Amino acid sequence: MPAHVTKKRNKYLTAGLIMTGTAVLLGILAFFWTPWSTTAMSASERFAAPSFRHLFGTDNFGRDIFSRVMKGMGTSVMISALVVLLSASVGIFLGALTGYFGGVLDEIVMRVTDAVNGFPSILLALVVISVLGTGRQNLILSLGIVFSPSYIRIVRSEYLRLRDADYIKRARLMGVGKGRILFVHILPNILPVFWVSVMIGLNNAILAESGMSYLGIGVQPPDASLGNMLSDAQGYLQTAPWYALAPGLAIVWIVLGFSLFSEGIRRLGE
Amino acid sequence: MKKKLCSLLLAALLAMAVLSGCTDGTGESSENNFSAVVGIQQDIDSLDPHLATAAGTKEILFNIFEGLVKSDENGNLIDAVAESHTVSQDGLVYTFTLRDNVKFHNGNAVTAEDVKYSLERVSGLLDGTPLVSALSTIKSVDILDEKTVQVTVESPNTELIYSFTAAIIPSGSGEEEGTSPVGTGPFSFVSYTPQEGIVLKKNPDYWQEGLPYLDQVTFRIVGSAETALMELQSGAIDIYPYLTDSQAQTLKEGNTHQVVASPSNVVQALFLNNAVAPLDNVLVRQAILYAIDKEEINEYVGGGTGSLIGSAMLPSLADNYVDLNSVYGTKANVEKAKELLAEAGYADGFDLVIDIPSNYEFHMQTGEVIVEQLKAVGINASINPVEWDTWLSDIYNGRNYTATISGITCDQTPGYLLNRFQTQSSKNFINYSNAEYDEVYLKAQAEQDMEKKAGYYKQLQQILADDAATAFLQVPGNMTAISNRLEGYKFYPIYVQDMSTVSVKK
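First to last, the sequence lines map onto chains R and V.
Position 151 of the first sequence, counting from 1, maps to 151 under this note's numbering, and the rest follow consecutively.
Count along the second sequence starting at 1, add 270, and that's the number in this note's numbering.
Here chain R stands alone, though its shape is the one from the complex (with noise of 0.2 Å):
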């Protein structure tokens, strides 16, 4: 029974590395060298179907759909780590006082949290980004407040549950500092159910930042990003299908990859 799991754990966990790797190296990658360059045009080349020259083909304007998959990789990645390395950290800090002390901070987070979830999330981030303007920044921070509340949340009850834990309590007796009961004690010990909450923050703020970037508040053209590439798409779907096809096949890829990778950690924690 135990090879068995065990055999089933690594599969998802490769099967997730491979995916996420190539994806992640290729977004890497993309902001040093691309095979094109993303924004070139090419009069003579509009249109070119999926070929050695142009792996995806090229789009209306002839530039090549590989080479901005690639860079639309690299940015919708880097974004959407930005936005859980944000969401996550505040998630961290705020989670970890509340779910130790409770009280009156308790109280107002929490009800603050509860107010932001009322929100559909991507329509909250519209919002934001309306008051605040279109832009990567901005983005990031609107996606990034969007996701703050389900880390708070996450964080808190395990400092909840933890922190009537036995070795809490005589690290406490022996007068161990507050900060470092929160940080270096209790921390840890959340660490393996935290990695997958951000393994799956990864997967919603990457289809979040497509979703946002469909409809045009995200990345700007000429800028390529997964999102805006697919929006620019739609209107050739029926002439250069390969065009929609190669940025959504990428965001399936990347999706699909880290839900392995995170469904391959949780059953490593199990």
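Any given hint might turn out to be false.
[Claimed, not checked] Derived lysine to any residue pairs resembling SDA-like cross-links, with alpha carbons at most 25 Å apart:
| hint | chain 1 | residue 1 | chain 2 | residue 2 |
| --- | --- | --- | --- | --- |
| 1 | V | Lys645 | V | Glu566 |
| 2 | V | Lys340 | V | Ser586 |
| 3 | V | Lys645 | R | Ala43 |
| 4 | V | Lys606 | R | Ala43 |
| 5 | V | Lys645 | R | Ser44 |
| 6 | V | Lys601 | R | Arg46 |
| 7 | V | Lys645 | R | Ala40 |
| 8 | V | Lys522 | R | Ser44 |
| 9 | V | Lys522 | R | Ala43 |
| 10 | V | Lys522 | R | Ala48 |
| 11 | V | Lys606 | R | Ala40 |
| 12 | V | Lys608 | R | Ala43 |
The hints are simulated quantities; they were obtained by calculation from the structure and are not laboratory data.
Nothing here was measured: the structure is a model prediction, and the numbers come from that model.
With chain R held as given, fit chain V onto it using these hints.
Just chain V now, with coordinates in the frame of chain R:
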């Protein structure tokens, strides 16, 4: 058991027959279907012809209403409600003689009283607010006899006659026009459903013998460009005048529609705010004009259907148009652009934010091409998409921007586009200011001789080009899909859908 099965099968067959009968009746054209459906992009802003301002509404109302004169497909004016008209030597008195056989949709004949009422309503003589600003110059409307109306204006203006296309409505009907419009056009109003469309039926008493051909015309609002294509292919709409390049390609393959390209009446430009650094420097503006490759833009964004322009005039207004594409060339001249930038002190380029109304895919795509072209000369441009309302309030009216891409819709009067570049004009949102220009414009306004007037207009276009006031790009082409079962659709140099000459092929 067998019997049961039999009857069940029979029932199923019957049901199928009924259902297929249904589709025959409502979907594809059956033999006696003398109607057409036109797809439109946006809802109607008012059914009252004097209050409607949106171009998308006026193109429909063209079928319901007529003025004393109306436009034909060549951009010329023909007499409509009036049988003939004369203008006095000094240009101050217009005399219109009415046709005998023009009737309103309610059956009443058009009288001089109706004309007087309509003109007084649009000119503001009735209640003080002019509804067509050009006609506010009307001093009085007098009825000479029951078929003759005399209009006196304050100052001569040879382009004023174009404004007499304003609709003639029954005397005293101003209040009702918004809900049940009555005019003299080839089609009469049947019903209007907000968000859905408007239905018109044939006017049997129309004064032009034999017209219109169709019994019924429906203008249906089509949600998005994507659904338009599907509705065209399914036959739900017959005519759609706003195809994108890619849709046109798809439809051409299908062989069910003709796709016809025609020049629009929109001037597309990269508008440069002449009052904001660094664009206040003429060298910088010239550099931008040299850097832009208009041929490329036309090819990428319009599929080559646009006509390139070098100044503010529609090429279709041939008498007044002068081709100024050669001033900065239609291709990019990177060397020259860099030279000018260096001379202006921007050898290393600068950052430029281009605001673009995000609901216009066409302008957004143009923006992408321009950003790339400016990059080649060292200008680091970026696109900032803005909502249409914001664009109107902040950029067009607030003039709070550096550069923007948009289009200006023109009417038939040649001076319309040039008017806005006078220093004091409220529509001068690029903050252009040139004393010589203002002077020549005033001269053009006062000139009675059409040839001399055209000469002044050409001079004005030249000044705008020399000053690199703004980067005029092109007059985009309109791509219209017309179902193969229809014929006789006419293209106008102005924004109208004339359905009176459309008929079903025999």
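Hint-by-hint comparison with the structure:
Restraint check for V/Lys645 and V/Glu566: the C-alpha separation of about 15 Å stays at or below 25 Å, so the hint holds. Under the criterion of a C-alpha separation no larger than 25 Å, the hint pairing V/Lys340 with V/Ser586 is consistent with the structure, at around 18 Å. The straight-line distance between the Cα atoms of V/Lys645 and R/Ala43 is roughly 17 Å, inside the 25 Å bound, and the hint therefore holds. For the proposed pair V/Lys606 and R/Ala43, the alpha carbon gap of about 23 Å is at most 25 Å, so the pair holds.
For a cut-off of 25 Å, the pair hint linking V/Lys645 to R/Ser44 stands: about 20 Å separates their Cα positions. For the suggested pair V/Lys601 and R/Arg46, the alpha carbons sit about 19 Å apart, so the restraint of at most 25 Å is met. For the suggested pair V/Lys645 and R/Ala40, the alpha carbons sit about 10 Å apart, so the restraint of at most 25 Å is met. With a C-alpha separation of about 21 Å, the suggested pair V/Lys522 and R/Ser44 falls inside the 25 Å cut-off, and the hint holds.
Taking the CA atoms of V/Lys522 and R/Ala43, the gap is near 21 Å; set against the 25 Å cutoff, the hint holds. A distance of roughly 19 Å separates the Cα atoms of V/Lys522 and R/Ala48; the hinted pair therefore holds under the 25 Å criterion. Proximity of V/Lys606 to R/Ala40 is assessed by CA-CA distance (about 21 Å); at most 25 Å being required, the pair is judged to hold. A C-alpha spacing of about 23 Å is found between V/Lys608 and R/Ala43, which places the hinted pair at or below 25 Å, so the restraint holds.
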